[in-house]
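Engineer: Chains as they are written, first to last, in the UniProt record's numbering: chain R, 1 to 401; chain X, 1 to 401.
Think of the hints as simulated: they come from the structure by calculation, not from any bench. Hints should not be assumed to be uniformly reliable.
[Claimed, not checked] Capping the alpha-carbon separation at 30 Å, the derived lysine-lysine pairs in DSS-like fashion look like this:
#: 1; chain 1: R; residue 1: Lys-49; chain 2: X; residue 2: Lys-49
#: 2; chain 1: X; residue 1: Lys-49; chain 2: R; residue 2: Lys-11
#: 3; chain 1: X; residue 1: Lys-157; chain 2: R; residue 2: Lys-5
#: 4; chain 1: X; residue 1: Lys-5; chain 2: R; residue 2: Lys-84
#: 5; chain 1: R; residue 1: Lys-157; chain 2: X; residue 2: Lys-5
#: 6; chain 1: X; residue 1: Lys-11; chain 2: R; residue 2: Lys-134
Because the structure is a prediction, the values reported are computed rather than measured.
Number of protein chains: 2
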Amino acid sequence: MFEDKFSDRTKNIEASEIREVLKVTEKPEVISFAGGLPAPELFPVEEIKIACEAVLTEAGSDALQYSTTEGYTPLREAIAQRLKDIGIETAIDQLLMIGGSQQGLDLTGKLLLNDHDTVICESPTYLAAINAFKVYNASFVEVETDEEGMNMEKLEKALQAHPQAKFIYTIPDFQNPTGRTLSLARRKKMVALANQYNILIVEDNPYGAIRFAGEALPPVKHFDTEDRVIYLSTFSKIFSPGLRLGWICANEVFINKFVQLKQAADLHTDSFAQRLTAKYLELFDLDAHIEKIKAVYRMRRQTMIQCIERFFPMQVQHSSPEGGLFIWVELPESVDARAVFDICIQNNVAFVPGEAFFPNQGKRNTLRLNYSNMSEEKITEGMRRLGTVLTSILGDNVANF
Amino acid sequence: MFEDKFSDRTKNIEASEIREVLKVTEKPEVISFAGGLPAPELFPVEEIKIACEAVLTEAGSDALQYSTTEGYTPLREAIAQRLKDIGIETAIDQLLMIGGSQQGLDLTGKLLLNDHDTVICESPTYLAAINAFKVYNASFVEVETDEEGMNMEKLEKALQAHPQAKFIYTIPDFQNPTGRTLSLARRKKMVALANQYNILIVEDNPYGAIRFAGEALPPVKHFDTEDRVIYLSTFSKIFSPGLRLGWICANEVFINKFVQLKQAADLHTDSFAQRLTAKYLELFDLDAHIEKIKAVYRMRRQTMIQCIERFFPMQVQHSSPEGGLFIWVELPESVDARAVFDICIQNNVAFVPGEAFFPNQGKRNTLRLNYSNMSEEKITEGMRRLGTVLTSILGDNVANF
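So here's chain R without its partners, still in its complex pose (with noise of 0.2 Å):
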């Protein structure tokens, strides 16, 4: 029924199959490492009351007026404050506000592409930029990842061949899905190829501030020579995803036509939670609150790692984050991680089979673990019933791998 009437973008988004599969892991006896979650037990509950207090007090009706596309101008000045301290120099006019990081994903589909445009992305990458870019009848090109990211020789090939590829997609902090870091020395070579290659960067870093271990690197727009980079990031993270509150950070050129296409997309993002997030960042530490998260989510990570030590077989492969959400499990490669997935269901623990993140041909024997959302003592739990299943396949049969 008047499915004749959809474009032909729209026939191309399929329901996706992941959200199905994850409908099942709602169940409250499942223990679901499959969201993405932060733990909303860190969310500033009690700061956020009295910064609504504040801003209705104080700005009353004009906290719930239309205002600009731009976004809130003390708020766009004080991220333009945050991005100084982590090595990017910029002005409130480089600054859209948006809804979510998500949405800068979309408004980069529509700026930038064309039906066919082709992407450069890493292997694996984000689900839904995956599909925020389908929406543009983007194409693929898969990068594959190491331990250090996007593999430059690759990228480099990739680049070579093809030409009119609009541009990058990274993660480089703690990818989801992987957890993985791009090396610094790897950041620096993806911008000179970009420079090189005349292509564009969309660097999407939404889990940067949630580092508890190693050293912090610049991100990619740091080294960013010719404003080629177009970085996106969010307050979900470090502060509350509800909000739906992000940001584009690039040259003017891009956020005069993204304040067009932002414009005709909503008008705006939510004036009331912009401000109220600039009162919470002008009344309260944010960078405290940041220390409280990577102090417990380093914790529930470590156990996380412990459990894979003590309780999956040997030849299991996994990424080691030194940040962000997310571990990258690897399966030995004849075994099919969604045919796992419906033996750990009925054992009641739940992860995202890897393929999904994978635009053209998936690796069916990977699966992405989320520790940010429970309890270490559930996390415990949890990987005891997941390494259980995984024994029960693997068994001591080595041979095959």
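Model the placement of chain X on the given structure of chain R, informed by the hints.
Structural biologist: Just chain X now, kept in the frame of chain R:
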């Protein structure tokens, strides 16, 4: 710089001339009828303060976490009840919460429009709808309107001439920019024509609740026998526009696809804004609040009409809205409202020249006036200035008209 990387759709979107024009209206000495803002002094600031406090106390971190794309269930239930009250029988599965009804226009374009698909619309029509659909490279067929809204004979001719047109876009109640309302007979006829010619209808109803004269008419969707109407509405004009809260009401076939597109666009609408609005609806009486808005707008509209009769030359025509925020003015055909605007700015009064509201070829002798956003005193003074300018241009010289 990098413009060669932009998508074709982006190249279609010019920097809005009107936006540049309106920048001069922001000077404090200018009395501007150019905006479209609700009266901020009527926003229920204290009630919203109480709702925020209650939500954060009762729901705590749940109000700040990621939530479902479809939207907060108690809010959708309350909206379903409100829709029932105006003649739309619906259920929450037919409702999607969005970031203001503007996002509904963007998602509708995304869902339905291939390049060069035709949208049939009122002439003139809402500027930001034109922009939203232009992003998807729409073509527009304008149908003449009169005091009863879109002309149905002309609509039928348009449907015959454009059998592949994707949808009819209509703002039946107190249209932006004309303030006109589609008559009851024409509402029925529009649905009958849509059925006959197998076309969809996008009904945009941001102003319907703000009726301060005449009798309320059921929405076009009330007469929708074949689920062809995609209905958009919002809390912007009756509660707070800054919160960016609107909804789509449509058959599940549409909603399911809208959910996928919304998820790719920005995951979901601000959870906190949804919850505080639901809490407001629970604790307070929105309809009583709307009565206050109506009482104020009724007086402002009356003042503006009286000023037209008192200060404007006789040959100037105007609409007589029974609700909403706008009055439409037609000058004699030889007069260019853009030139009038320039003189008005010298005299510290402003409006929107009407040309921008015509997607194809504008009637340059038209203009839009907003009365919702200022006191009666200010309206009177601004209209006096505007009348002086118009009299100086038109004088007693009616010979041309």
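Engineer: Taking the numbered hints from earlier one at a time, note which ones the structure violates and give those numbers from smallest to largest.
Structural biologist: 2
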